[in-house]
Amino acid sequence: MKIDIKELSKKRTVTREEGEKIQKILNKAWNKEENFIIDFNNVLVASVSFLDEAFGQLALRHTKEDLQKKLKFENIVDYDKALLNDILYSRLRQRELGEDGASIHKGKQRTRKSA
Amino acid sequence: MDKILCFPKLQTVAFSNALINLCHSARTSTEDTIIFDLSKAEFITPFGLVLLAGTISECMAQNKKAKYRRPDKSQARKFLSGIGFNQFFKIVANGGQTIASPNVQLKRLKQIDYLLTDRILQVFGYSLSMTEGVEGSLKLALNELMTNVFDHSESSRGCYVCAQSYNRSKKIRLCIADFGMGILAALKRVPKYEHLRNDYEAIKLSVQEGITSRIGKEAGYGLTHIQRFIKVNQGKMYILSGNGKILWDYAGVKYREKRQTMHNAFQGAIIELEINAAREGLYFLESEREQIF
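Listed in order, the protein sequences are those of chains A and B. If you're matching positions, the first sequence starts at 877 in our numbering and goes up one per residue. If you're matching positions, the second sequence starts at -7 in our numbering and goes up one per residue.
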């Protein structure tokens, strides 16, 4: 499935609400599609809110390997690529720790030591 | 009757207490006409400008007449007329001419302006050489600051944005001000931040990762990213809200965090960034970990 960010967002790539539209498309078709080709058309997005809502939130539910398998980014400028990687690492770390600092990995239940 | 408010020579964030006191006087005055006397003004930064613009706008919303005395110094006069100050507020000014100044952009926003960031980058690109990282991070900062205003401040009058480039020092100043509820009140709406006691605590917390006034949402990364950018760029970030002001100063050899108490509370929030155009701006992936994409 191909997702054209420019065509879909019409330059509205700033807010979480705008990112959520992309996330909804991905969520809906996640199990049906083999992969998603996301084309940025070399437009600089530079929005943590948009990129986090569109793709970062996926890292709270899927593994790094799953994300790499499913998502293919095309024509993404270096700045956005670095930002996206940063956001994904941050969300993957959050997933690993769980909201209150406890790991949510199966069979690896551990809690943060109290200070 | 007229209320005359004499503004100081330097209208910068360093003089925020004096400026906020004057703006407070303008807003709370019961006189029909407020005269903003800028005759002594010599240097006005985006901070001074957004504060002045927002206060004039608020006085006008209260059906007060707003007038200003233009600066005696031609440099300051050029600065004000260059941004279309007179037309912007339709206020009475004694003289003054409009000189286009591409290095300054002042705008009042009632919603997110999707073209503003690109326009600022394009205009500054003519006079300054910016690294790719600074270009991206400047756009990111403006995007996130605009989003914050419209998501959290509940400002009925939107916000004021001003950006200025300084060719000689190769610096950019970006300032955004909203006249909404302020950071402390916005965070206190969320039950887990009800414990916050003062504006300092709220400001300090607001730059931490994952802190947001959105209830039930995973958000709160904007200010964290901006702070990381400013750190790598060796710039400065000021956040002023209520009675508190915090400066994160990465410009010197040693990092400084400075607090200041405002005598009169500022109803809303002002954020000013001082950015080095030619320095590093790409702050991601400081570790050597492999990229996911």
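Be aware that a few hints might be false.
[Said to hold, decoys possible] Calculated pairs, DSS-like style, for lysine-lysine (alpha carbon to alpha carbon, straight line, at most 27 Å): (1) B:65 to A:886; (2) B:99 to A:882; (3) B:102 to A:882; (4) B:184 to B:163; (5) A:887 to B:196.
In short, the hints are calculated from the structure, not lab data.
Taking the hints in turn, this is what the structure says about them:
1. With a C-alpha separation of about 45 Å, the suggested pair residue 65 of chain B and residue 886 of chain A falls outside the 27 Å cut-off, and the hint is violated.
2. Restraint check for residue 99 of chain B and residue 882 of chain A: satisfied, since their Cα atoms lie roughly 26 Å apart, inside the 27 Å limit.
3. Using a Cα cut-off of 27 Å, the hinted pair residue 102 of chain B and residue 882 of chain A holds, with the two alpha carbons roughly 24 Å apart.
4. Restraint check: the Cα-Cα separation between residue 184 of chain B and residue 163 of chain B comes to about 39 Å, which exceeds 27 Å; the hinted pair is violated.
5. With a C-alpha separation of about 33 Å, the suggested pairing of residue 887 of chain A with residue 196 of chain B is violated against the 27 Å cut-off.
Violated hints for the displayed structure, listed by number in ascending order: 1, 4, 5.
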